[in-house]
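When you get a sec, could you build the whole thing from the sequences and use the hints?
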Amino acid sequence: MKILVCVKQVPDMESRFRPDAAGVWYAETDLAFRVNEYDEYAIEQAVLLKEQLGGEPEITLLSVGPDRVVEAIKKGLAMGADRAVHVRDPEAHLKDPFQIASIIAAYAKGEAFGLIFTGMQSLDRGSTQVGVAVAEALGYPCVTTVVAFEYADGTVTVKRELEGGVKGTVRLKAPALITCQLGLNQPRYPTLPNIMKAKKKEVSVIPVEQLLQQEARLVPAQFSAPAKKGGGVILEGEVADQVDRLIGILRDKTAVLR
Amino acid sequence: MKALLVGECRDGKLLEYSYELFGFASRLGAETAMVLIGTEGALPSYGGTVYLADAGRYGEYNPDLHKRLVQAAVEREKPDYVVFLHTSYGWDLAPRVAALLKAPQVSEVVALAEGGFERPCCSQKMRQVVKPVGAPVVLTLQGGAFPALVPGGTPQQEPLEAEGEARGEFLGYEAAVRKGVDLTRAEVIVSAGRGVGKKENLPVIAELAKVLGGEVGASRPVVDSGWMEAGAQVGVTGQTVSPKLYVACGISGAIQHLAGMKKSGFIIAINKDKDAPIGEVADVLVVADVMQFVPALTAKLAK
Numbered sequence: 001m002k003i004l005v006c007v008k009q010v011p012d013m014e015s016r017f018r019p020d021a022a023g024v025w026y027a028e029t030d031l032a033f034r035v036n037e038y039d040e041y042a043i044e045q046a047v048l049l050k051e052q053l054g055g056e057p058e059i060t061l062l063s064v065g066p067d068r069v070v071e072a073i074k075k076g077l078a079m080g081a082d083r084a085v086h087v088r089d090p091e092a093h094l095k096d097p098f099q100i101a102s103i104i105a106a107y108a109k110g111e112a113f114g115l116i117f118t119g120m121q122s123l124d125r126g127s128t129q130v131g132v133a134v135a136e137a138l139g140y141p142c143v144t145t146v147v148a149f150e151y152a153d154g155t156v157t158v159k160r161e162l163e164g165g166v167k168g169t170v171r172l173k174a175p176a177l178i179t180c181q182l183g184l185n186q187p188r189y190p191t192l193p194n195i196m197k198a199k200k201k202e203v204s205v206i207p208v209e210q211l212l213q214q215e216a217r218l219v220p221a222q223f224s225a226p227a228k229k230g231g232g233v234i235l236e237g238e239v240a241d242q243v244d245r246l247i248g249i250l251r252d253k254t255a256v257l258r
Numbered sequence: 001m002k003a004l005l006v007g008e009c010r011d012g013k014l015l016e017y018s019y020e021l022f023g024f025a026s027r028l029g030a031e032t033a034m035v036l037i038g039t040e041g042a043l044p045s046y047g048g049t050v051y052l053a054d055a056g057r058y059g060e061y062n063p064d065l066h067k068r069l070v071q072a073a074v075e076r077e078k079p080d081y082v083v084f085l086h087t088s089y090g091w092d093l094a095p096r097v098a099a100l101l102k103a104p105q106v107s108e109v110v111a112l113a114e115g116g117f118e119r120p121c122c123s124q125k126m127r128q129v130v131k132p133v134g135a136p137v138v139l140t141l142q143g144g145a146f147p148a149l150v151p152g153g154t155p156q157q158e159p160l161e162a163e164g165e166a167r168g169e170f171l172g173y174e175a176a177v178r179k180g181v182d183l184t185r186a187e188v189i190v191s192a193g194r195g196v197g198k199k200e201n202l203p204v205i206a207e208l209a210k211v212l213g214g215e216v217g218a219s220r221p222v223v224d225s226g227w228m229e230a231g232a233q234v235g236v237t238g239q240t241v242s243p244k245l246y247v248a249c250g251i252s253g254a255i256q257h258l259a260g261m262k263k264s265g266f267i268i269a270i271n272k273d274k275d276a277p278i279g280e281v282a283d284v285l286v287v288a289d290v291m292q293f294v295p296a297l298t299a300k301l302a303k
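Going down the list, the protein sequences come from chains A and C. For reference, each letter of the first sequence is one residue, going 1 to 258 in the UniProt record's numbering. For reference, each letter of the second sequence is one residue, going 1 to 303 in the UniProt record's numbering.
It is worth saying that the hints were derived from the structure and are not from the lab. Any given hint might turn out to be false.
[Stated by the list, open to error] The calculated EDC-like cross-link candidates involving lysine to aspartate or glutamate, where the alpha carbons are at most 16 Å apart (straight line), are:
{"no.": "1", "chain 1": "C", "residue 1": "Lys272", "chain 2": "A", "residue 2": "Glu238"}
{"no.": "2", "chain 1": "C", "residue 1": "Lys272", "chain 2": "C", "residue 2": "Asp289"}
{"no.": "3", "chain 1": "C", "residue 1": "Lys274", "chain 2": "A", "residue 2": "Glu238"}
{"no.": "4", "chain 1": "C", "residue 1": "Lys274", "chain 2": "A", "residue 2": "Asp12"}
Here it is as structure tokens:
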């Protein structure tokens with residue numbers, strides 16, 4: 001069986017975000033990038049399945065983006081993927097979720113993947129559309145928001161996470177696409193020998209023009225910080241001083257210290 | 001202008017937040033109709049048209065058929081907007097409907113904007129305005145962004161049917177695991193988030209909870225990492241709490257967490273990141289490292 005894992009590289013979410021020159025997305029200056037957290041669960045699930053099946057499946061990683069995404073690809077290869085495809089696109093951030101999904105589907109079409117794993121969303125855009133749209137384009141059944149995964153003889157049994165801590169169990173046959181929710185597994189840290197081994201793994205580069213066949217359905221128009229609603233007090237400065245000021249506020253505004 | 005609203009049923013009941021769809025339509029100034037895959041007992045208090053498909057026949061989770069049912073209603077209503085809630089049901093189904101209709105989709109809408117819609121990005125820290133091209137436009141709405149509106153009345157039912165292959169089998173619901181402390185009764189909750197750094201640092205949070213006479217809660221990443229039991233989780237997929245005092249230690253404030261604690265009487269957040277979304281709901285935001293600030297606070301309170 002061939003397995004595909006889709007990986008996005010996103011900025012560290014503790015960063016300060018500023019608009020780019022066009023004012024429609026974030027400027028990349030000073031940002032540190034990493035693997036989208038949800039996609040780490042997708043990579044781990046593929047590697048766990050490969051281990052369960054005695055190493056038989058071949059895992060391909062795919063990432064769409066500028067040259068920096070090679071770092072995310074390297075991490076996925078070090079976690080245990082076998083090979084990777086970098087769809088090189090310096091302007092990926094201007095494409096809408098439908099176009100990104102179409103690009104991935106155009107690549108996956110002739111490859112007969114038995115399973116495709118994606119994160120349920122990205123931390124930066126968070127559309128929750130790409131995985132489902134890839135499945136729709138390929139005609140694969142798809143389950144989203146998966147927090148438990150089992151595979152036996154071509155049958156996939158998963159649990160979806162619903163609101164209020166409720167889960168829904170779904171069974172389906174491969175080929176299928178699964179979008180992974182946080183907590184699905186415990187993503188491994190790459191070991192040094194595996195990081196060294198990953199350097200020898202194949203990374204093919206495909207220019208995005210070869211795969212992009214669709215026009216955008218969404219135009220990004222503005223990127224900004226949300227308007228501050230609350231009039232909350234912000235305490236900055238030295239810790240000892242912050243402690244005193246907070247205790248003062250607790251005495252004035254709450255009954256918990258009485 | 002017309003909006004087709006997609007309601008949600010679970011276990012044969014209409015989910016209360018489905019009324020937020022009417023609130024949105026009213027803000028948009030759109031005429032409405034609703035699609036519901038449910039039962040007559042789940043019909044909303046609404047005097048308009050409800051396209052009702054039988055959940056007994058189609059199932060409550062069966063996206064292959066649900067997307068065709070929504071498509072059938074779209075063909076009859078010809079709406080400008082097809083509107084879902086941004087929930088596990090909505091974010092699963094909406095992109096499938098968008099694919100069938102070859103329509104643009106804007107996810108997790110929080111506000112109307114000039115020529116488009118405003119939505120959160122960068123883990124709720126920033127906002128993006130996007131303009132859809134083409135019609136109809138598929139939308140999902142962030143929970144709580146548009147206040148619920150109960151139109152009142154008795155709906156005019158239109159039976160809805162669709163054909164298609166269902167490729168997945170829904171085997172049923174599994175109830176939430178409820179062990180440990182019932183946080184809904186606690187007067188003070190001190191919750192640990194990722195900013196605590198590691199499992200070994202958790203006693204620092206427990207000690208603050210102890211001097212404040214409260215219980216310990218957790219954000220999702222802390223539970224996912226196995227640092228604390230799932231029963232301690234506060235948020236949409238955990239417990240919804242409203243203590244007199246809520247202390248969020250190193251919690252950035254994902255929307256799912258905020259929804260579970262924003263009704264607390266007084267909220268203190270301790271976070272290194274001054275721009276963290278938790279600041280939106282906090283009465284006091286202490287900009288500090290949890291592991292430096294919390295022990296100092298506990299020591300002073302214990303005196």
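Here is how each hint holds up against the structure:
| no. | hint | in the structure |
| --- | --- | --- |
| 1 | C:Lys272 to A:Glu238 | holds (13 Å) |
| 2 | C:Lys272 to C:Asp289 | holds (5 Å) |
| 3 | C:Lys274 to A:Glu238 | holds (15 Å) |
| 4 | C:Lys274 to A:Asp12 | holds (15 Å) |
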